[in-house]
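Q: Protein sequence lines, in the order shown, are assigned to chains A and B. Going by the working numbering, the first sequence opens with residue 200, and the numbers climb by one from there. Going by the working numbering, the second sequence opens with residue 414, and the numbers climb by one from there.
No lab work stands behind these hints, which were simulated from the structure alone. Owing to the predicted nature of the structure, the values given are computational and were not obtained by experimental measurement. Careful, some of the hints might be misleading.
[As the list claims (entries may be wrong)] Among chain B residues calculated to face chain A with C-beta under 10 Å, some are:
id : residue
1  : ASN479
2  : ILE584
3  : THR600
4  : ASN621
5  : ASN623
6  : SER647
7  : LEU648
8  : VAL668
9  : GLU670
10 : LEU678
[To be verified] Computed list of lysine-lysine pairs in DSS-like fashion (alpha-carbon distance at most 25 Å, straight line):
id : chain 1 : residue 1 : chain 2 : residue 2
11 : B       : LYS716    : A       : LYS545
12 : B       : LYS577    : B       : LYS421
13 : A       : LYS499    : B       : LYS708
14 : A       : LYS545    : B       : LYS713
15 : B       : LYS716    : A       : LYS566
16 : A       : LYS523    : B       : LYS651
17 : B       : LYS459    : A       : LYS478
18 : A       : LYS490    : B       : LYS577
The C-beta atom is built at its ideal place from N, Cα and C for all residues, glycine as well.
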Amino acid sequence: MAKSKIKYKSKLLEDLLVTKEVIIACGPGGVGKTTSAAATALTIALNFDKSVLVLTIDPAKRLANALGLDGIGNKEIEVTQEVFKAANMNPKGRLFVAMLDTKESWDTLIKRHAKDEATVEQILANPLYKNITSKFVQSHEYIAMERLYDLHSSKDYDIIVVDTPPTRNALDFLDAPDKMADFFSSRLLKWLIAPYKSRIISIASKPFYQIADRVLGNQFLQDIAEFFIAFQSMYDGFVLRAESVKKLLADSRTSFFVVSTLEQVPALEARFFVDELLKRSLNLDAVVLNKVLPEHFRSKNEAETAKSIKENSEKLAQLLENEKYSKSLFEKVLTEIATSFLNFQKVALQEASLENEFTDMVSLATKVPFYSKSINDLESLEELGKLLWVKS
Amino acid sequence: MDSILDTKLLFVTGKGGVGKTSVATGLAFLASGAGKKTLICEVDPKGDLARSFECAATPYGGIEINNKLRAMSMDTESSLREYLRLQLKVPVIGRIGPVAKAFEFVSTAAPGVREILTVGKLLYEVRNNTYDLIVVDASPTGHIVSQLAAPQALRELVKLGPVKSQTEWMIDILGDPNKTGVIVVTTTEEMPVNETIELTKKIKQNTNVNLSAVVINQVLPELFSDDEEAAFLSLFEKDNQEVLSQNISGSPNAVLEAAQLAVTLRRLRSEYLEKLRDNLDKNIPQIYLPYMFNKLTGLKSVKATAQALFDEIN
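Okay, chain A solo, but in the shape it has when bound:
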């Protein structure tokens, strides 16, 4: 491992970036999770002799452009040396990117677990397959974790940075492997399959079928049963896999960081997330507070200055007036900027109080100031990475 001269915001952060094998970014939607994950991966690739993969859920075109790629697909692709060179960067490691394609990942999974070619075909051809895989037991969340496990076991990458799906229920992806295992061992699956398979309906499942028949119609139930009979043959593979995925999430080489903005609703969701990760004794190593207004917006002194500008706007305008700009113009501008400051201070003060609640929970909170540019190239992504992890 190359020793880096860069000063990280803390020793812990450097450890986080280097000693972990899986780094999972989680948090509410719309707070910059995908970009933070990509910036983190880039920071690692630039500064350490590591192969880093960023696995994204979001098909963000802009991110692909920023990385010099035409698009990001299910298969991992490397960000080329030419792209780095063009941006005047000389990475010590290598950077790979992949996007999670739920349908394709499910197909791969089926092909791996099915006992024979015929079963694969039978499942993939089932008209309900696509619908079911996209809906059932949080299949999107499950497949994300499954893919992560797969990539991790391949040992092709030293570090994998994962961007999680913006679930409304923050727990979904943590519970997905369990739910999958539960489902396969459930009586429910037996019920769904039994009558079709053996034509014997047990007393316990009879009411279910009576109602289901009336509500859904017999044909539909048969379609479902047929699908799950094929699916059930993969039971052992799935349950084992789900167990392994769960183990990986709890492993000491896996690290979570929660991304949030300091707005009420996202902060509430993120705090809930922090709680849950701690409750499950998963390795929550950092909280990223994104898009925070600059520190001086919170200052009382500056507010006094703004008020003083507002109160003296007429007098000041008189002094400023010149042949280009009239007194009334200046007066309006001065009032406007003072009001604007005071408005933003209200927001900044709320941010401050939300921030306190986070720092009470996690020792490692890293703040990213409001970033007024769009992140559309490697340079801006690198800059964000520095804001995230590197001491200025």
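With the hints as your guide, set chain B onto chain A.
A: Leaving out everything else, chain B in the frame of chain A:
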């Protein structure tokens, strides 16, 4: 624009974090204030409505917010039980127990079942004319289309059975622009704008539901006109800086910087706003809501949003 509140059923959707619940609660509050008997329904029960209205948890059966407004949370098991009782005359006493659990599964697994139980309940209330207006704090952009298209999907999937005939009247109500509409909420940020553009296209392609309006939330004020901006920039000149420093308490730098940031922010966002306008069907009404610098919570926030909607609609 007034006609939005004259529909019977409004689905309010949007990317997470754009203020979907604020707009939904604001609309419901506005409608009830105008004397309409209103129901607001939270589709993904997270307690957002209880927080907004500062009331107890909102059950499936609803809770009274004021004499014109009720709030409820969707619950597919309750919806199923109600459906069985009302539509199929299947007596269901107490909990359906394991059968409900089975349905819980079927409804997650089978395409459209969970969605139909959600949308079906709301459409049932429309058909019965229980309320003048039902506002739905609907699923976020990723799931709303499958919800709105559920009756059609189910009609194609289920070959027989009473459900098939039930889908017919549901499709009729959903497709009637006088009765049903969708409101998409967005902010002027990149991802919400992109998702909104995509969603409006998908709604048109995959559902028969009318798009009533796009609400553009958290719009930052335009700080300066062109000549004002020029005058503002001249404040950074050395002489002018001195004038300011000598006549106010403290240094003006931070305040000037803040104004600069406000201008940049607004400008950055106006690019996305332009993109949104360019890509939206010109016939879809656009409703602009200002950024609320006062961070209100609960009922105060609902009232402020209702007021802002009122100002914009009238």
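Q: Now tell me, hint by hint, if it's right for this structure.
A: Okay, the hints, checked on the actual structure:
1. Nearest Cβ of chain A to the Cβ of B/ASN479: about 24 Å, over the 10 Å cut. The hint is violated.
2. The restraint placing B/ILE584 at the interface with chain A is violated, with a minimum CB-CB distance near 18 Å, outside the 10 Å limit.
3. A distance limit of 10 Å between C-beta atoms decides the matter here; for B/THR600 the minimum to chain A is near 8 Å, and the interface restraint holds.
4. Taking 10 Å as the C-beta cut-off, the interface hint given for B/ASN621 is violated, the closest approach to chain A being about 20 Å.
5. The closest approach between the C-beta of B/ASN623 and any C-beta of chain A is roughly 26 Å, which is over the 10 Å cut-off, so the hint fails.
6. Interface restraint check: B/SER647 against chain A, minimum CB-CB distance 6 Å, threshold 10 Å, status holds.
7. The interface hint given for B/LEU648 is met, as the beta carbon of that residue sits about 7 Å from the closest beta carbon of chain A, less than 10 Å.
8. Because the closest C-beta pair between B/VAL668 and chain A is about 5 Å apart, less than 10 Å, the hint holds.
9. For B/GLU670, the interface hint holds, since its Cβ comes within 10 Å of a Cβ in chain A; the closest pair sits about 8 Å apart.
10. Interface hint at B/LEU678: satisfied, since its Cβ lies 6 Å from the closest Cβ of chain A, which is below the 10 Å cut-off.
11. At most 25 Å may separate the alpha-carbon atoms for a hinted pair to count; B/LYS716 and A/LYS545 meet this at roughly 19 Å.
12. As the CA atoms of B/LYS577 and B/LYS421 are separated by approximately 24 Å, the hinted pair is consistent with the 25 Å bound.
13. The straight-line distance between the Cα atoms of A/LYS499 and B/LYS708 is roughly 18 Å, inside the 25 Å bound, and the hint therefore holds.
14. A distance of roughly 16 Å separates the Cα atoms of A/LYS545 and B/LYS713; the hinted pair therefore holds under the 25 Å criterion.
15. Under the criterion of a C-alpha separation no larger than 25 Å, the hint pairing B/LYS716 with A/LYS566 is inconsistent with the structure, at around 33 Å.
16. Only pairs whose Cα atoms come within 25 Å are accepted, and A/LYS523 paired with B/LYS651 is accepted, the gap being roughly 16 Å.
17. Between B/LYS459 and A/LYS478 the alpha-carbon distance is near 20 Å, which keeps this suggested pair within the 25 Å criterion.
18. A distance of roughly 50 Å separates the Cα atoms of A/LYS490 and B/LYS577; the hinted pair therefore is violated under the 25 Å criterion.
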